[in-house]
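**Student:** Just need the whole structure built from these sequences, with the hints factored in.
Heads up: the protein sequence lines correspond to chains A and B, in order. By the working numbering, the letter at position 98 of the first sequence is numbered 1232, and the numbering carries on one by one without gaps. By the working numbering, the letter at position 16 of the second sequence is numbered 1150, and the numbering carries on one by one without gaps.
These are computed hints drawn from the structure, not numbers from a lab. We treat Cβ as the ideally placed atom computed from N, Cα and C, and that holds for glycine. Don't take each hint at face value.
Here are some, though not all, of the chain B residues that point toward chain A, as calculated from beta-carbon distances under 8 Å [claimed, not checked]:
1) LEU1416
2) THR1419
3) GLU1421
4) VAL1427
5) SER1441
Across the chosen pairs, the derived CB separations fall in these ranges [stated by the list, open to error]:
6) A:ALA1536 / B:GLN1141: 53 to 59 Å
7) A:GLY1216 / B:ALA1463: 43 to 49 Å
8) B:LEU1174 / A:GLN1509: 38 to 44 Å
9) A:ALA1359 / B:ASP1500: 30 to 36 Å
10) B:GLN1283 / A:SER1404: 54 to 60 Å
11) A:ARG1383 / B:ARG1527: 38 to 44 Å
Quick list of in silico lysine to aspartate or glutamate cross-link-like pairs, EDC-like style, CA-CA up to 20 Å [claimed, not checked]:
12) A:LYS1515 / B:GLU1356
13) A:LYS1322 / A:ASP1256
14) B:LYS1515 / A:GLU1356
Number of protein chains: 2
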Amino acid sequence: MGQVTYQKLRRDAQAIFRAALRAADPREGIRRARPRFQALLDRPYDHIYVVGAGKASAAMALEVERILGRRISGGLINTKHGHLATLRRIELNECAHPVPDEAGVAGARRIAQIAAEATAQDLVICLISGGASALLPLPAEGLTLDDKQHVTRQLLACGANIHEINTVRKHLSAIKGGQLAALAAPAKLLTLVLSDVIGDDLSVIGSGPTVPDGSTFAQAREILARYRIQPSAAVARHLAAEARENPTRLPHAQTLIVGANRLAVDAAASEARQRGYRPLVLSTTIEGETRDVARMHAAIAREVLESGQPVRSPACLISGGETTVTLDADGKGGRNQEFVLAAALDLPPGVVVLSAGTDGTDGPTDAAGAIADSQTLTKAKARGLDPRAYLARHDSYHFFDALGDLIRTGPTGTNVMDVRLLLTAARPLVKSSAKAAKEPPALKAERPVKSPKSRR
Amino acid sequence: MGQVTYQKLRRDAQAIFRAALRAADPREGIRRARPRFQALLDRPYDHIYVVGAGKASAAMALEVERILGRRISGGLINTKHGHLATLRRIELNECAHPVPDEAGVAGARRIAQIAAEATAQDLVICLISGGASALLPLPAEGLTLDDKQHVTRQLLACGANIHEINTVRKHLSAIKGGQLAALAAPAKLLTLVLSDVIGDDLSVIGSGPTVPDGSTFAQAREILARYRIQPSAAVARHLAAEARENPTRLPHAQTLIVGANRLAVDAAASEARQRGYRPLVLSTTIEGETRDVARMHAAIAREVLESGQPVRSPACLISGGETTVTLDADGKGGRNQEFVLAAALDLPPGVVVLSAGTDGTDGPTDAAGAIADSQTLTKAKARGLDPRAYLARHDSYHFFDALGDLIRTGPTGTNVMDVRLLLTAARPLVKSSAKAAKEPPALKAERPVKSPKSRR
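**Tutor:** In structure tokens form, the structure reads like this:
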């Protein structure tokens, strides 16, 4: 397989990813969903306030301004640094992510205040997107941001999933787990959500500031115990006190999902088909440890090329969701870059793999993800890079940076988790030994032996 | 979904697994391959000796006796305890597996002797199947079985893959890595192989006692270093001495694969189709940490039920290969039982999952694997069993034993790695939120909130 063919596969993979990004655009999502909330907008209000948080919420606010214009009295969105839009009536407040900062706290406090001051004649529109948990940090009374950060950092590092992290966050917060909606009553509340979680569970997205919360203080304590996390004394005291469980009923609040991972994945499938690949969506809800998930993707691509199962080549395997990296070393990278690196170690000839976050940011890096192909190991070796060592250090960023294979999109204005693509080239199927055993060819002599290492 | 439907799915899953077992029968495999080696048998020989090792090698020997009858002068097969067949001319020697014992050493020494004494007018037939590495233990000069076991135990426990384990074994052995074939020269040598390794690499199966060996002493040392394994002084000395690298050319030796995982997987697909399921073979080369691989399988089943991708329900997802369990606790179980337990934690309604080893033995247990469905968690709860705790302890055997959900086949006489099945019930597709966002239904009000724990 020549260089030129890999270049074609790489170009196609990047175009397919761009199609996924376009479909996940939150402005497009709000336009699509508008018939479902227009009736609520058509009622008379004294004031309409727009609040929210998340990496895509600035873009969402832009569309809400386009729809409502001067009817908006004001509002505030906590957004991640650089995730901006030019707004006229809604203020943007840039804050830190994934570790919250005091700017986030100040913004969250003002958002809580806007909600609290809204009356029964008002409408509050809340725009929630990925990152809202970290971007809406309002510690419960008696707690500091440090108390919360200390716990969050440990949860992120120990491989806890987003559900577990958010259950804890909801019980250290004065705004999450439906508490923002409780503050907004008796005003009407419309929440538009761009989902960035597996299964699109509203109570989990952004830690559900405007949705009823079924989780409890007891569960939050249990999760800390499960991961052997030692909270500060103030946190332990707060969780033990169980001051007031979060609201389980919020009749004035309505919530709509305007975008999710499946839209991106389906658009990728459609673009792949147009480019001559047989698309196969494996799942939009992939979780688990990144490197093992990557190996399984590579094993499926290998099967495509060896037996034409589960789909014939040229194929485009597509999956969505969000994997985990259990940190046991301090390299630089993100789950998407690590996915591509781990997959590259197992790729048969004729495959290109791309994985990237739809928000444009993969872990604490300036890349969205990475791209590799079956020749990446050879190229790396030629430059003296040891892919196994980079993977062991979780240092995928520096590996792909050296190869020029990082995918950089900048902030995309959306966030519907990750998209992973494996493109397989059209070529004659390789006969596997098992297949051969069915047929009656001549006696097979010894063959050149592959060193065991060449397989990995 | 009622109990009755799950019972139907379970029955179908078990029947599909049985079909996979039938296709992997090594006697059937030898019959299928016979046209490819008959010419070699048809030559005149003074003696024909049959040797070998592996869990399926007794069954293979039975078929060879059927073909050659009295032409066989004698021979010896090292087999695993209980993996027997009634042979007339070939002796069976029962040994321990996966940790080798002195019976194995005594048998291996006699096998080496038979090969060494064969002349240019003789034919040696060698029957290799899964487990042959542990069942053909002949320590290199100066080493004891204890030396080898000490290293093997550590390699098994630390998550090293079979390629790595065998590279080390080949360099601590007097018979592996082509050394048995070197002993057999100048006799003709025919090796029939039932493959139990990913990719069917002949140099890896049974540590390749009759195939040229490209691996080196340096690689063996490297693998021990990678996993920070401290060998005994004798082993370290032996590996450092590099007495003689294994043979890289063996012109008198010929090797044929008579069975492999794909045959079992393809037969499962065929049986599933006959039972009304849409089969989808994901891959026959699945490796990686069991619980993460299991979660990905569950995520694909979820997608089948939510969106009809990658295949419409009723579907049968099938995969083969062999996963790893990194032991960090001392429960009882095997990779197949752990796969089913981990998958059960993530199953949506309407799914049955079965995973079993084709050899009938899953890890150090008397079960081949296990079966579970979407109601397993509920049943477990009713009995006070905490599935997460069992998984954390790698104690899947006791979990499924308590539920009566172990799969017990007894020794099957074959070994082509594992077969995993996920059957999804026919039912109307569940609309996901993302799908719903495309359509114009009424405004969505708050909904009962799932506790985050209910998802896992």
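**Student:** It remains to establish, for every hint, whether it holds in the given structure.
**Tutor:** Going down the list of hints, with the structure as the test:
1. At a threshold of 8 Å, the smallest CB-CB gap from B:LEU1416 to chain A is about 6 Å, leaving the interface hint in force.
2. Proximity of B:THR1419 to chain A holds as hinted, the smallest CB-CB distance being about 5 Å (cut-off 8 Å).
3. Below 8 Å, beta-carbon pairs count as interface contacts, and B:GLU1421 has one with chain A at about 6 Å; its hint therefore holds.
4. A least Cβ separation of about 6 Å between B:VAL1427 and chain A falls short of the 8 Å threshold, and the interface hint therefore holds.
5. The criterion of a C-beta within 8 Å of any C-beta in chain A is met by B:SER1441, whose closest approach is roughly 7 Å, and the hint holds.
6. A hinted range of 53 to 59 Å holds for the C-beta pair A:ALA1536 and B:GLN1141, which are about 56 Å apart.
7. At roughly 44 Å, the beta-carbon separation of A:GLY1216 and B:ALA1463 lies within the given 43 to 49 Å, and the hint holds.
8. A beta carbon spacing of about 40 Å between B:LEU1174 and A:GLN1509 agrees with the range 38 to 44 Å that was offered as a hint.
9. At roughly 35 Å, the beta-carbon separation of A:ALA1359 and B:ASP1500 lies within the given 30 to 36 Å, and the hint holds.
10. At about 56 Å, the beta-carbon gap between B:GLN1283 and A:SER1404 stays in the expected band of 54 to 60 Å.
11. Taking the beta carbon of each, A:ARG1383 and B:ARG1527 are about 39 Å apart, inside 38 to 44 Å as hinted.
12. For the hint pairing A:LYS1515 with B:GLU1356, the CA-to-CA distance comes to about 18 Å; that is within 20 Å, so the pair holds.
13. The straight-line distance between the Cα atoms of A:LYS1322 and A:ASP1256 is roughly 6 Å, inside the 20 Å bound, and the hint therefore holds.
14. As the CA atoms of B:LYS1515 and A:GLU1356 are separated by approximately 18 Å, the hinted pair is consistent with the 20 Å bound.
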